[in-house]
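Chains A and B supply the protein sequences, listed in that same order.
Read in order, the letters of the first sequence correspond to residues 1 to 423 in the numbering used here.
Read in order, the letters of the second sequence correspond to residues 1 to 431 in the numbering used here.
Since the hints were made in silico from the structure, they are not lab data.
Predicted model only: the values in this text are computed from it and were never measured.
Among the hints, erroneous ones may be present.
Quick list of in silico lysine to aspartate or glutamate cross-link-like pairs, EDC-like style, CA-CA up to 20 Å [what the hints assert, rightly or not]:
| # | chain 1 | residue 1 | chain 2 | residue 2 |
| --- | --- | --- | --- | --- |
| 1 | B | Lys266 | A | Asp145 |
| 2 | A | Lys278 | B | Glu263 |
| 3 | A | Lys341 | B | Glu263 |
To spell it out: a stretch of chain A is covered by chain B in this simulated footprint if at least three of its residues, at any positions, have a beta carbon under 8 Å from a beta carbon of chain B; those stretches are [what the hints assert, rightly or not]:
| # | stretch |
| --- | --- |
| 4 | 145-155 |
| 5 | 205-219 |
| 6 | 335-342 |
| 7 | 410-421 |
Between beta-carbon pairs, the in silico distance windows are [as the list claims (entries may be wrong)]:
| # | chain 1 | residue 1 | chain 2 | residue 2 | range |
| --- | --- | --- | --- | --- | --- |
| 8 | B | Gln200 | A | Gly102 | 29 to 37 Å |
| 9 | A | Ala140 | B | Gly417 | 36 to 44 Å |
| 10 | B | Pro376 | A | Phe66 | 29 to 37 Å |
Glycine included, each C-beta is placed from N, C-alpha and C at the ideal position.
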Amino acid sequence: MSKVPKGTTSRRGFLKTAIAAGGATVATASTARAADGDPAILELQEWNQILGDGVDARPYGTPSQFEAHVKRRNVEWLTADPISSVNFTPLHELDGIITPNGLCFERHHGGIAEIDPAVHRLMINGLVEKELVFTMQDLARFPRDNRVYFLECAANSGMEWRGAQLNGCQFTHGMIHNVMYTGIPLRYILETAGLKPNAKWILPEGADASGMTRSIPIEKALDDCMVAFKMNGEALRPEQGYPLRLVVPGWEGNMWVKWLRRIEVGDEPWHHREETSKYTDLLENGNARRFTWEMDAKSVITNPSPQAPILHGPGRTTITGVAWSGRGSIPQVDVTIDGGKNWRKARMSGPSFDKSMHRFYYEFDWDGTPLLLQSRAHDSTGYVQPTKNQLRDWRGLNSIYHNNGIQTWYVNEQGIAENVEIS
Amino acid sequence: MSKSLSAFLIPAVGGAALVLGVGYGLATRSYRASEAEVALAQASAAEERASAEADKVAALTIEVDKLTAAETELTLQIEGLKTASAPARLGDPLPEDETFDLGRTATIDEVAAWNIDVRPDGQGLPLGSGDVMTGEELYTDNCAMCHGDFGEAIDRWPVLAGGNGTLASENPVKTIGSYWPYLSTVYDYVHRAMPFGNAQSLSGDDVYSIVAYLLYLNDLVDEDFELSNENFTGIQLPNEDNFFLDDRTEGELASFSADACMENCKDTVEITARAAVIDVTPDDTAARARREAAATDSGDTVVVEASAETPAREETAAAIEEADDVALVAAGETAFKKCKTCHQVGEGAKNRTGPVLNGIFGRVAGSVDGFRYSNPFKVLHDEGFTWTEERVAEFLAQPKSYIKGTKMSFAGFDDEGDIEAVVAYLKAFDE
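Chain B on its own, in the form it takes in the complex (with noise of 0.2 Å):
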């Protein structure tokens, strides 16, 4: 790459070198024609060129320099560059061993508001208790609607009880109970992270309350247990001793690290499964536009046939707006599902971490029975206060600006469809 590069800029330098010598044979002939009576102006006057010719060699020689010091540099670069592509230059080594005078001391107290971690010997559990009776209160009103009454899991969210000997079966079911090694973990994680979508609004002794409840699910424990940081430690899961440290470089890596064969590795190839039999995949749309198309020929027309069943203009239309507004409310479905963790709506709903959303349109804010609202939402009860569509458009759109102090921790949707599309959904469940 260097080379090449020299001897495109050789030429140009050469080049420059031949105009100088044009410039110096000029100059001598006129000297010697000093004979001739007109040798004298001619003379003066090739004095004049000569003196002009030495300017533009001066000019030159100053061209020279330039160009020979840019391809001093371009070379470097050159240089630089073949660093750069392999072995890859991942730049100048930064300083080793350097302590910087950056940042300030915590204060205990701030180490203390996020140093709630737990460790399976114990380090980290704050000093407190809870029993079982406690927990199924706690863990109804706060777990049960994901987790179901007893840690068996609705729909897709994670099974916490049961399982009890499938680890080695085709379908493991990997709970508390039959799968995490350490009970620490249950009260980390439920302290850091739970409720889902309300996390840390729990006490240390309500934590204690519902791991002393999972206990008591996964059979562990009787329902008179009192769980505390007495005797925490004392309390081994039963999967603890079946997990092992990574052991990859032990065989695996050895056996997959073997000459690979490149000619004549097998006689025959069978397809042995098609994901297109399971069909599981989301549909995309573009891919399925091109996989059409290069089903039908090649040519740039894409022909789509009148059929004899194909419904006049105007019922077409009518029946796009209808489909539109299915499709608005299965959309609101969709969008619900953000709400669904803390809110039910429909026949059968009970309150939850949220108060039920049937009717909502036309009735006062904070008047559903049974269920504890917040200050902010007495306050709007007793001024009457009445949630109608644009209302509850509003509150979706940014709750915490809309109603200051309210409960409810969702952070308002981004996308106004969808707030059009939750309204039409609620607005299904009128009553």
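Excised from the complex, chain A in its bound form (with noise of 0.2 Å):
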């Protein structure tokens, strides 16, 4: 116990370790400081003389033992019951664009189904010359493409339109992820059913309890919608909807079926319950948006942030975030320290893809004065992520959906981080 670097210690662990010590001083790592130099080079660590576990032990692997607090996390209050319900991605604890798969975000309607892809048929009815049956292993004889999209749920930052509530960039942001989908082109399967004159619309329809529906027009389908069996590289996970799932690029999440067993091809859109009950934005004079797909320029600081706020002190300080559009990609992001007096450049790092996550630096000596943090994007049709008060002049307060403004952490002397708004 006593060799676990701080800041790592379970909070049971910690417990145990002060019952130990009957409620006395406890001091880790103690006897060690009066040597001249670290413990942790000066003692031998235990890694460095006992043998590990070989290598049948995980044969699945996970991460470190010490990286069990990065996490999905649910917001209990916000939904009658765990089961239609959403948790959020961790992206403070993440990096680069890619997210790992065990950390996608969920928002399932009816839990998750388990589906056995033996028994698994992806139907396609409707205003087609052959309706036709697929089973997985058809599916498989397709050709195939690998792409990276991002997957926002039109509902993140919703929590934030009467503003600052949710204190940690996983609450406020991590209703998103993005992966590597391996999937085939969802026109190849239209086109051999053979696409009737009148063909106009789709509806997707999920396997799980709650029978997801979307209306989808027919121009988007045969663009770059992609029916996926992959992420990362494996099997979809169960939440994501193994063992098939749409991928719709830039469009709200809700859209991309899960559990995908049928694709109905119409004339007129469906109006189902999450186009016109759910997924329609309230606005202010008591009218509502309906068929808001696209989701608008967006990003976000996510070190430092209230779940990570800075350790280290004045000095040398590094600011990273994550942005991304659903209509294109993300040439530019800027970064203010001082609440939007002045604004830098941050650096972009990594693959810029249409329709995906990027990922922005921006570093800079901090002076230990108290920070106010804002990211703005640009993305490539020149669009320029608005001020959460200028999305709120445009749409009120009771949107719900769709809530793409600027977000804003205020740094303390402390390197402490919180959700605030500003004028």
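Both chains are sitting in their own frames, so use the hints and assemble them into the complex.
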């Protein structure tokens, strides 16, 4: 126990240590402090001496025990029941642009369907020349493509319309993930069935207990939609739609139907529950926008943020975050440390794909005075991420969905960050 | 990039050439020494050496060829890498306009089994009908446990009735009557996905009845109303005309596409709202530890001061044990949320989709008055099968394989800890 570095002791472990010491002073590694140097170097470490697990101990690898706090988390009061609920990607613990499969946020409407791929089928029906049924093996015979796309829930940041509410980047911005999909261009499947001239819409349907359905215009279906069976190289996770999901690049996550079992082709939209009673944007005058599919350009600083304070004190400091747009790529992100008085271009890093997450960094010398941090994304169409108040001027406070306003973190002298709004 | 790598490769190739030059020089000099007595012997020896050198030359020539080929290949790879970084190379284009002879024709019955969706124009509605009074009964049995007796909703489940005139207010209540644009959506969704946890268990006529009752709860029809595929499309919901197509491109996009200010954009900045004041964020132990660590000094030791009130070790252990029991029951209450959709427990509990669970331990299976059990439970009842903690635990792990044919749609708890907690929770309601 004494060799566990500070800050990684679990709460339970810490309690045990405290009890063992009978409530007396606990000082980890304090004896070695007297020697001249770092105990991490001076003391022989357990892992430096004793043999570790062999190759078969972890046939499917999991992260280090010291990363156990890196996990998806739920906000219990948001929904009536975890079966129809959402949890959040820990953006503040990640770097680069790819979200690990086990950390991709979950949103289910009827729980996770556990489907045996041997009995999974994809049906194409409606306005097609031949109504078809495919097995998973049939699908594996189509030409495949590999694409990196973000998937953002339309309700990401939806709790922030009325002001700063949740104190953590995971909770304000974590309904997003970015993975590489392997799948079939949807147009191959539709063209194999043969579209009739009046085919204008498709209705993908999930095999789960919520029977998820959404209407998608045929132009999008034939453009860049995919039917995916792999994410980041391995089979889709059950919570992400195993064995098959629809990929609808740049459009709200609810349309990326998981556990995809059927695609109906029609001449009109269906106006189902998830595109009428939900996922419509109520404006200030009581009218509501429907079919708000595209995700507007957005960015957020992931570090520092309320769950990831600056611990090193003044001096060289790295700010990092992510940006994305449903309309293209992100050529530029600006960062301010003074609440928007002055902005500097951040350094973009890693691959830049259309409708994918982008990573940015901004390095500076922190003088230890409080900071008001913001990031601002520019997308390849020339769109600049608006402030929250600019958005409210257009939409009011009741929209729930599509909140892509600029996020502010206040960082105090100790480096502790808080979700705030500023003038 | 390609240039600097070539620069690295060229000295390597040049070095090979230099070795070759030395080889030739040695051979030539040896032949010029032929006039000496020893010349022949030397020449002979030299010839051998020259032959050996020539072999080396041949070998080295091959090496040079290999290196040249390697350089060409590397240059190609570098070009490939350059195209892969900016702009990103997404791969070769996929074949255009191809169709594939894959899959098989769906049978009429297969399409009928899955194609149950309904559109506003009535496409997909089955033949049939249902009235408000029948709907009330079905609603009470199947829907009221979440949506409330009058559609007012329990906890945070969706509100189904009321909310008229609230859409432009600070607290809009979005119900079937106040918000939903089309009645077909109600039919489609109830038929496809309700009751929650027992989807597609209602007949077409059942759904007509429930939809009729929901119209009644929203004051849109009278209590003697009957809904059918005949009159369905004649009913318009009040809010239909207040929806419009996404118009972001017509105003928002232009206003958000102006040049962005970079320098001296404002004089003052004030904090106007703070999440810490609202304090609704789930507690994050790891983050809190780091915040606390940041707040103390930056030394390497974590010091917990013993306070005067610190209890003795045994008391602490006992307190922790007791706290563990309380925590287990509390964890059980949380885990029980998965059961709560159908089962009630505690004071005033009633049979819902599932039987009441008060006093389950020691009770014979299938014995709750007034609950309509499925056949396997009737059989267990007749056999005198009694619920014990172990049996409940086994059932909760895999309900469908423990009691084959059970109506209970729950798939089982994955986590043994959840089962232990639920059992502890249910024990708190022993009679």
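Among the hints numbered above, which are violated by the structure, and what are their numbers in rising order? Structure breaks hints 1, 2 and 10.
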